[in-house]
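> Each chain, written out:
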Amino acid sequence: MEEYYLICEDSLEGVFTGIYNAYLMKKPHSRLHISIGEEENLRLFAVYEDCPADEKKAASVAGTIIREFGTEAYLAICRALASGETDKGEAVYKTVVTGFHMKNRKALMGNLANPYVHRVFELARFTANEAHFHVEFLRFRELENGILYAKIGPKNNIITFIMLHFADRLPLENFVIHDEIRGIFAVHPKGKDWFLTSQEEGMEIHSDSFSKGEEEYSELFCRFFHTIAIKERNNYVLQRGMLPLRYRKYMTEFLK
Amino acid sequence: MNSDSKKTQYNLIPDSSRGMAVNCSNDIAMTLPESGRKMTLMEKLGILSDAAKYDVSCSSSGVGRKGDGTGIGNTSAAGICHSFSSDGRCISLLKILFTNECIYDCKYCINRKSNDVPRASFTPDEVCELTIQFYRRNYIEGLFLSSGIINSPTYTMELIYEAVYKLRTKYRFQRYIHVKAIPGADPMIIQQLGMLADRMSVNLELPTAEGLQKLAPNKHRKNILTPMRQIQTGITQNKEEIVVYKHASSFVPAGQSTQMIVGATPESDYQIMMVAENLYKKFDLKRVYYSAFVSVNEDKELPALPGGPPLLREHRLYQADWLLRFYGFEADELLSEQKPNFNILLDPKADWALRHLEMFPVEINRADYQTILRVPGIGVKSAQRIVRARRNGNLSFDDLKKIGVTLKRALYFITCSGRMMYPTKIEEDYITRNLISNKEKLPFDRDGMTYRQLSLFDDGMISSWNQAVSG
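Chain order of the listed sequences is W and E. First residue of the first sequence: 1, per the numbering used here; consecutive thereafter. First residue of the second sequence: 1, per the numbering used here; consecutive thereafter.
Just to be clear, a hint being listed does not mean it is correct.
[What the hints assert, rightly or not] Cut-off 30 angstroms, straight-line C-alpha distance, at most; resulting in silico cross-link-like pairs (DSS-like, lysine-lysine): (1) Lys190/W with Lys151/W; (2) Lys212/W with Lys166/E; (3) Lys381/E with Lys190/W; (4) Lys155/W with Lys381/E; (5) Lys151/W with Lys249/W.
Hints listed in this document are in silico derivations from the structure and should not be mistaken for laboratory results.
Could you build all of it, start to finish, from the sequences and the hints given here?
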């Protein structure tokens, strides 16, 4: 039997378009697959088909997911699709298929005994956890011109999730969050809506362009960070469990 | 909460006391004795955060307020930890004392009158500036302001009020503020401060009145419980007001908490748990914190702790505290007069289950939520997921593993569709042996603290107490 692979873009629109096209093909779902980006090992007896993202199709799928499975499932799917893993497209696609076979479609994400639903749940949890870690551990530094600048290096594409939080929190600040790995900047101008932009030539931040107050307050915080610990209870293993090492290279208190 | 309503509350304070707070805050000594020069902000922060570190309660949870006051609840209500210090405790709030000068002489406290330590005080503006600048860099979630007692409790509270008021109005800081209510202060000032703060706490310090009398001669149980009751009544009244007048400003919206020092006095775990349970039930506390006694002063009234702070005991108390708050247990079920201390080898939940084997095994696909919650190895989240997931068909052990159940502990207590995971005996000795053999994951000391050392150390503490009592 032939297997069909739809090759989608690595984005929400890409995968949703893939799901739309998969339903158009009217083939058994067990033989249809969605893969993200070029497949490295091509299989025999498999048909590969490129699937360019289409805004209209994606919007229609998004609407269907919200209507049929509720916002909880939609949010979980969005989070899963922000993941850095490559099997996310397939997991989301088969989760949607599973949902349509359930009596109570709104309970889709509760169906953890299903391997695809469970995978979406896992991916969504990882993204949500990492986003939460960034809400906690992200550090702004004030540039000379008063703009707050933060650099991050997440495994999943979490920048939109954390921007919602920070835009709500610091509405009256100009701030920029920079995803070093994907080269994305999220920019929030004071009192306005935020937007995403990708890295362009010559957009380098130099460490000597930070403001004077920045030096003072980062040192004050480092001092606070060290004095607040109770030496008799020192416990580096616990500290590492709560605050993984990979976040520390972006954090003010660990840089000095 | 808008700034206007705060302004009117502020004006409710008698003019005389307000004037005092403003004028005198500048008089506090802020010079280093040896050189006479002014202390820098860095030095002050060093001294006053060092002095505040023994206060627990760093949580920033319990209130989901957005900048404009509409709030959509859960996510922000969960609290945010911004960093973790080298002792593994979370840094969520800028935890500082307003001043570490103190007229009291509590035996266990580093800031007691008779100690020769460098003293410092912030000005309200310094507190505000630090909070704002730390906050906008995402270092902290809010402010935790406590203080040594200078002149009198009421006077100290006025200083704190001054700082918090400034932060809320002049600096328009809408985020989390936790302040200590100082026992013995004028109820009026506590009421006023409650309108500005998110959480207030009064430290119980020691679980029993006798312990308090011995180690904190200036503090009295009654004085501690009075403001606690006042805050509780304030919160209840305020809730009723909010029902009637939607825009009434909220009084201590994140509730109140307290803290007990564990291991400085000879109370049993049973006594401590009963006190905690009473505080939750009768005073509607949000949290009770247990703080393993850290020996910072040499004093004949204090126990010597050669093994360091009693961390395992603190850990067991927190485990039990969670059982009270989220698992529907009562303190009486966990401990009794005959068995006054927690098992050092087993966590309180497993210990309880082993003493109630007649209730097990539990059928995962049938049992109600409360019953599933009592199975060792199943937490609140797993229990909720189980209840949701089994609607779509029977769950197997494989599914449970995916859901997040710790099967190596749960397997002795559950069945899936009538079968146990392995043929096991439901027998206390057998299960105990197996539970102990796969080592419990403790949050401290990966290699150093073995069980043997711990039990020796516990004995050591009891005998040192017996000596102290008899001699």
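> Hint by hint, which ones does this structure get wrong, listed from lowest number up?
Violated hint: only 3; rest satisfied.
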